[in-house]
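These protein sequence lines map, in sequence, to chains A and B. Using the working numbering, read the first sequence as starting at 342 and increasing by one per residue. Using the working numbering, read the second sequence as starting at 342 and increasing by one per residue.
What the hints contain is simulated information worked out from the structure, not anything from laboratory work. Where hints are given, some of them may not hold.
Copies of the same chain are indistinguishable here, so a pair counts whether it falls within one copy or spans any two.
Taking lysine-lysine pairs in the BS3-like style, the calculated list, with each CA pair at most 27 Å apart, reads [claimed, not checked]:
| hint | residue 1 | residue 2 |
| --- | --- | --- |
| 1 | K356 | K589 |
| 2 | K802 | K584 |
| 3 | K802 | K654 |
| 4 | K670 | K542 |
| 5 | K568 | K682 |
| 6 | K823 | K745 |
| 7 | K391 | K682 |
| 8 | K731 | K491 |
| 9 | K589 | K787 |
| 10 | K731 | K596 |
Number of protein chains: 2
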Amino acid sequence: MVKDWSEWYQEIIQKAGLAEHSPVRGCMTIKPYGWAIWELMRDRLDAAFKATGHQNAYFPLFIPLSFLAKEAQHVEGFAQECAVVTHYRIKTDPETRAVTPDPEAELEEPLVVRPTSETIIWSTFREWIQSYRDLPLLINQWANVVRWEKRPRLFLRTTEFLWQEGHTAHATAEEALEEARRMLDIYAEFAEQVLAIPVIKGRKTPSERFAGAVETFTIETLLVDGKALQAGTSHFLGQNFAKAFDVKYLTAENKLEYVWATSWGVSTRLIGALILSHGDEKGLILPPQVAPIQVVIIPVWKSTEEQTQTTQKAHELARKLTDLGVRVKVDTDPHHRPGWKYNEWELRGVPVRMVVGPRDLAAATVEVAFRHNGEKRSVSEGEALAEIKKWLDTIQRTLYARAKARIEHQTHWVEDYARMREILEESGGFVVAHWDGTAETEAAIKAETGATIRCIPLDWKEEPGKCIYTGRPSAGRVLFAKAY
Amino acid sequence: MVKDWSEWYQEIIQKAGLAEHSPVRGCMTIKPYGWAIWELMRDRLDAAFKATGHQNAYFPLFIPLSFLAKEAQHVEGFAQECAVVTHYRIKTDPETRAVTPDPEAELEEPLVVRPTSETIIWSTFREWIQSYRDLPLLINQWANVVRWEKRPRLFLRTTEFLWQEGHTAHATAEEALEEARRMLDIYAEFAEQVLAIPVIKGRKTPSERFAGAVETFTIETLLVDGKALQAGTSHFLGQNFAKAFDVKYLTAENKLEYVWATSWGVSTRLIGALILSHGDEKGLILPPQVAPIQVVIIPVWKSTEEQTQTTQKAHELARKLTDLGVRVKVDTDPHHRPGWKYNEWELRGVPVRMVVGPRDLAAATVEVAFRHNGEKRSVSEGEALAEIKKWLDTIQRTLYARAKARIEHQTHWVEDYARMREILEESGGFVVAHWDGTAETEAAIKAETGATIRCIPLDWKEEPGKCIYTGRPSAGRVLFAKAY
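Here chain A stands alone, though its shape is the one from the complex (with noise of 0.2 Å):
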């Protein structure tokens, strides 16, 4: 068993070669490894962006800080996290050798990398947009963003991140309202059946609230050690932003009105949320659908001719597997013994090893093992040829079912605020309870125990109650937990 899961993510990360720390402050550089799962999220989510109808465009890395301003809670809500770009040149002193901005070359308004784009994406639709034909726009970016981080940590919170930002615009409230709900659909979706990460849909509280939205909606989930994240937002925008950079339409009556918005987004952040869901003390564990690797074949030999019979024979069997349109590693690596690989790709997490040794040959056999229970046999090429796709397939449900059974163990209703606090200290975990609906309670809460409302769930049922905090009437319950 795991104890400090705090440590373990570090220390996994690390081994499994996924990211690191780099010299830059809360910039983090993505290895290979996690780059390759990052590569399989993104074609998965770009597919259903597509399927939906949306299209891919690319704006500009920087933001004149005025367009910035110009929706009041937007820069509010980023003003602590920007950063800022105030010179266009360096210069080498001539005797130290000491390079610095060039005060000649300051720029006359200062541009900040962007943190999100809503501001230079709505004053581009501004041009894009003349009349109701021109609606729905459904845009997507991919792309990098920059939020000043103070207490960075690999994926889950990182000063420049990766994400994908989706901005839309709608003749109506009803339209958009209807693309902001079917663009969380598709994050839930791809979270429980890509990832097997079960989360939660919800509205966030105003207080929790995109800067600038109407209503924001999220996933939530909860990982191994007791925490929640959110997992993804999708955002009602209303006419915020159409109205601060005065994007209007002509309506099929010949009306001008201002047009409503969503914007939507997920991150490099559900590499962490993948990790934490699914690893135990051997390492990592991934979900085939995002596995860079789903199959690692292992020759085994004692003699040099034994080693190039079993090497021939992997790479034959990787070959029918590649066929299947399996992801498949062969690990001939002659410097490492069989166990030490064992472990190796136990910890990169490697749903299926495959090993073939010298009885295996006449046999034609292939001992199996599952990185997710552990389970071993020996089977015959035939049927581990036959059979690859639906263990797959059964790994990746099972490896969902036991996360969702882990979250429903983490999930306490309660109906006594001594009972919350004592479990969201010692345990963590949600926390469903009564809420009097207003800001003063949930700030009180926060202050006091460090959770927050992730969420009034969308299946939220009206059930009468008290609050937890002040006893006042609730309406029904919403889910409490500390989060990353």
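With chain A fixed as given, assemble chain B onto it according to the hints.
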């Protein structure tokens, strides 16, 4: 015939919806149609990199000033065009509401937005490389970079652009040189076979080398307007960055040696090259391999009944073509007439148009038109489906052959400096001439004609002659041109 290609270029990019100038000076917005082309390019290149053993990773957007300064030539080469981040917070004046960088949040060490990533990557490679077993290290990154641009031009020269940058480390100079050449070959093959852009592979003269490189290889092409374009470069960096960042490896003989490096990149400027290689007075002409839409199907009708029938037929045909792996769009827009649509899709460079009219229904025919030569004919649907792949392939090869012939026509073997100046002033194009090999002559010719030595071609033949400028002995000819 197009008279002013420069004007044509701006206009086509705007009308075809490829890109536009953003509100941030020098930065472009890549619109969905332009982005779709970039995605196709990216996926092809990415596959070629992976097939040659490279892995993707991601390094920080920011580079500490002191890192950039470590390689003397490097910092000198990029100093004039660096965006510098000096603050990490902004503040709003409570009275005037003016937003400014927060003077209390000034960075101790300013950060440069990466103009290229050698320095940040080599500071990381130092940790990744210990022994010969870690080599070669073959890394690629897809990223945005910023080089402050005084005379921006969409795609060809923008302050922010997207690119890939490969960075590799090797045990020997020979291996690094081989890698630099291998990547040049991959770029050349990509340009010629995927973009249908003929290129000349060569090496840069010392004065045109990448800042920090020992040798810069380049692929050069010539655009319709007679200007040359550097379409991709691959650098042999020697041990310059290894020494600047102290990256050594333990050899098999247990000795510590500096590693050898390459870097190589192509960028969104290739979209500019594509536009200016194949366009004509009607607009873009896209090679099928990078055409987001390879076939546009336009149903035409008079009555509502015909509209239903031809639209249905168009969708049927689209499904069949999609099943063959063809990228298809059906244009059912009721607001525009067929003639308008023909012009529109010709402008956007779609290789093949298929029109389904009422008379085609019973006859099971379709009218096919080719963008690149304007040919039009009625064929059976069966023939269209049987031939489409061949047609696209023929178009691809024809565009290449046509560009090749054009460039040959624009290439002038010249012995006389007066003639060289005349050509460069009037028609532009490549001037193949003798050069005495000195930087002085190179600089003098550049000052007088605006032309630079694009490259010393790799298939360069030793051919004694006299320098076109000084009359001094020359060992062979080089390629001069005015360039973007």
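Okay, the hints, checked on the actual structure:
| no. | hint | in the structure |
| --- | --- | --- |
| 1 | K356 with K589 | between (53 Å within a copy, 22 Å between copies) |
| 2 | K802 with K584 | neither (35 Å within a copy, 66 Å between copies) |
| 3 | K802 with K654 | neither (58 Å within a copy, 49 Å between copies) |
| 4 | K670 with K542 | neither (37 Å within a copy, 35 Å between copies) |
| 5 | K568 with K682 | neither (32 Å within a copy, 55 Å between copies) |
| 6 | K823 with K745 | within (19 Å within a copy, 64 Å between copies) |
| 7 | K391 with K682 | between (40 Å within a copy, 24 Å between copies) |
| 8 | K731 with K491 | neither (45 Å within a copy, 58 Å between copies) |
| 9 | K589 with K787 | neither (40 Å within a copy, 51 Å between copies) |
| 10 | K731 with K596 | neither (57 Å within a copy, 50 Å between copies) |
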